[in-house]
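Given chain A, work out where chain B should sit, using these hints.
Going line by line, the protein sequences match chains A and B. The letter at position 7 of the first sequence is residue 1441 when you use our numbering, and the numbering goes up by one with no holes. The letter at position 240 of the second sequence is residue 1674 when you use our numbering, and the numbering goes up by one with no holes.
To be clear, the hints were calculated from the coordinates, so they are not data collected in a lab. If you're wondering where the values come from, they're calculated on a predicted model, not measured in any experiment. Where hints are given, some of them may not hold.
One copy or two, it doesn't matter: identical chains are merged, so the pair holds either way.
[Unchecked claim] Okay, derived cross-link-like pairs now, SDA-like style, lysine to any residue, Cα gap no bigger than 20 Å in a straight line:
| # | residue 1 | residue 2 |
| --- | --- | --- |
| 1 | Lys1449 | Trp1487 |
| 2 | Lys1731 | Gly1639 |
| 3 | Lys1449 | Ala1475 |
| 4 | Lys1731 | Phe1576 |
2 protein chains.
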Amino acid sequence: MHVLVIGAAGMIGRKLVARLVADGGLGGRKLGRLSLVDVVAPEMPTGIEGRAWAADLSASGEAACMVGTRPDVIFHLAAIVSGEAEADFDKGYRINLDGTRFLFEAIRQEGLRNPGYAPRVVFTSSIAVFGAPFPEAIGDEFFTTPLTSYGTQKAIGELLLADYSRRGFFDGIGIRLPTICIRPGTPNKAASGFFSSILREPLAGQPAVLPVPDTVMHWHASPRAAVGFLVHAATLDTQPLGARRNLTMPGLAATVAEQIEALRRVAGDKAVALIRREPDETVARIVAGWPRRFEAKRAEALGFKAEKTFDEIIRAHVEDELGGRVA
Amino acid sequence: MHVLVIGAAGMIGRKLVARLVADGGLGGRKLGRLSLVDVVAPEMPTGIEGRAWAADLSASGEAACMVGTRPDVIFHLAAIVSGEAEADFDKGYRINLDGTRFLFEAIRQEGLRNPGYAPRVVFTSSIAVFGAPFPEAIGDEFFTTPLTSYGTQKAIGELLLADYSRRGFFDGIGIRLPTICIRPGTPNKAASGFFSSILREPLAGQPAVLPVPDTVMHWHASPRAAVGFLVHAATLDTQPLGARRNLTMPGLAATVAEQIEALRRVAGDKAVALIRREPDETVARIVAGWPRRFEAKRAEALGFKAEKTFDEIIRAHVEDELGGRVA
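Excised from the complex, chain A in its bound form:
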């Protein structure tokens, strides 16, 4: 089978590609060809047929080029992130809305030229489609009233995905990822960055800053779980979804205090001692508007699985990023 990954150079994209290559297939079908695209050329794994190239999904003709070889499964992970989409209104709409629509439309046009072509499309959405105020736990039928342009663009992508799927142009599924924790790499300036850095840095023997109170609760899943969601979304039977093609993924609701206690259990007091409390009103205010907890019943019933404890989330990081060793 032929798999196209758009956004293959990003953190999740790279992990997804590694998983596909390691598995050698998807849903019991052999991986015959990989097409990898991002704004910078993704790395092409060895030992597999395919191509990796740089392209801007929102540029004329690029989507048609990606789809012209008729991949069986298309992972659409490409997006301008929240902060940038908020800072650059035009760019956010161009990449996140126009790019997504161009992709969907290119698939439809390919199907009009080659009747019967209707690939599985896995679209990464986000819990940013929701906006405060929230109920204590957000159910599967809660409305999408995003408070960012990024969330708006993702919510529109979900609607398009559902309509194109309903019309039979492709077989789409949208998955709303929790905040990914622990993100590997260096600290970034995202307001959510501290959720990862207060664990990642101490696990590597480095100090970290906690800008919010210990009582802050948020919704998490590991990168490993996120890749699992993508693979499951690409292979599950979409019949039970009906017309409701977008799903909140399961995750783990945890307070910062619970994160820290998990860190203590995995890496000891000396790791916890590396966290410095430095309250930041701005970050605290932003985070206060974010979802705390979901009841992702539909996704769970469909077999999507996330971690059940923060210890598991930390151990996944230690295994996948640190070679099993804690500093």
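Just chain B now, kept in the frame of chain A:
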């Protein structure tokens, strides 16, 4: 003040214009200028300054032309209706999605050129943004999972409206109209047409066909109430809306049996006798997927008002369309 009505030649558009002219203003401000646009040139009322012209909102430059004179209030009523948007995928997306986005973007661009320009925008959405299965009564926080391309396009318009409002580009409000009953005019082929025709035709002494069982319940408001929603939306304080700019309008949940009993009270047994039952499985199946009842608490709290009984809906029609006389 300067009011722009896009979609001014349609049934609701014409009634809105007549109301604005009769009132001589909007929210206590004198109506100084009217700009009326539709795909066919709307009729320009006498005695008021302004212009009426034909234009396609989705054609290049047209939205900028409409907005270039900086109207204070913009009513956006233009749309390809449900059946046509389903039959012609490209046309529906071009008019209902691109046209709406071009309008919103033209307003933003006008504001970038003339800082401080941020008009009130009233967008007519629809209960078609919702899709079955439904709870017994649909609350204000129920999610939008449309089952038509039209509903998808309206839901996307809502999201864009909320984001452009949140960013301060305009002061928008989206109102989801109930099924309008009694629609004046001749019977049309819309699946919902019978809700009006089983009342309108007998009131005029003409026979009508009822294709569904008497037990079918649906959500209604009169054209007069719809115009009232629009005027209220144009003048209310949007501050209490926060970022949640789209509202399900109040309406009346009534079964076909209740509609018929109201007809009997207003126009007698001879009117009811003109209704011929002719079951149509296709229509019945379509209607079964439609919302039955809403709890429009937010809109009611904000002062939006619909009819409380079907007798009122019928009397509004007799007064507004039949000069007070029943056949």
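Results for each hint:
1. For a Cα distance limit of 20 Å, the shortest separation of Lys1449 from Trp1487 inside one copy, 17 Å, qualifies, whereas the shortest one across copies, 56 Å, does not.
2. Within a single copy, Lys1731 and Gly1639 get their C-alpha atoms no closer than 38 Å, and across copies no closer than 54 Å, so neither meets the 20 Å cut-off.
3. Taking the closest pair of Cα atoms, Lys1449 and Ala1475 come within 20 Å of each other only inside a single copy of the chain (15 Å); across copies the shortest separation is 57 Å, beyond that limit.
4. In the homo-oligomer, the alpha carbons of Lys1731 and Phe1576 lie at most 20 Å apart both inside one protomer (12 Å) and across protomers (16 Å), since each shortest distance falls under that limit.
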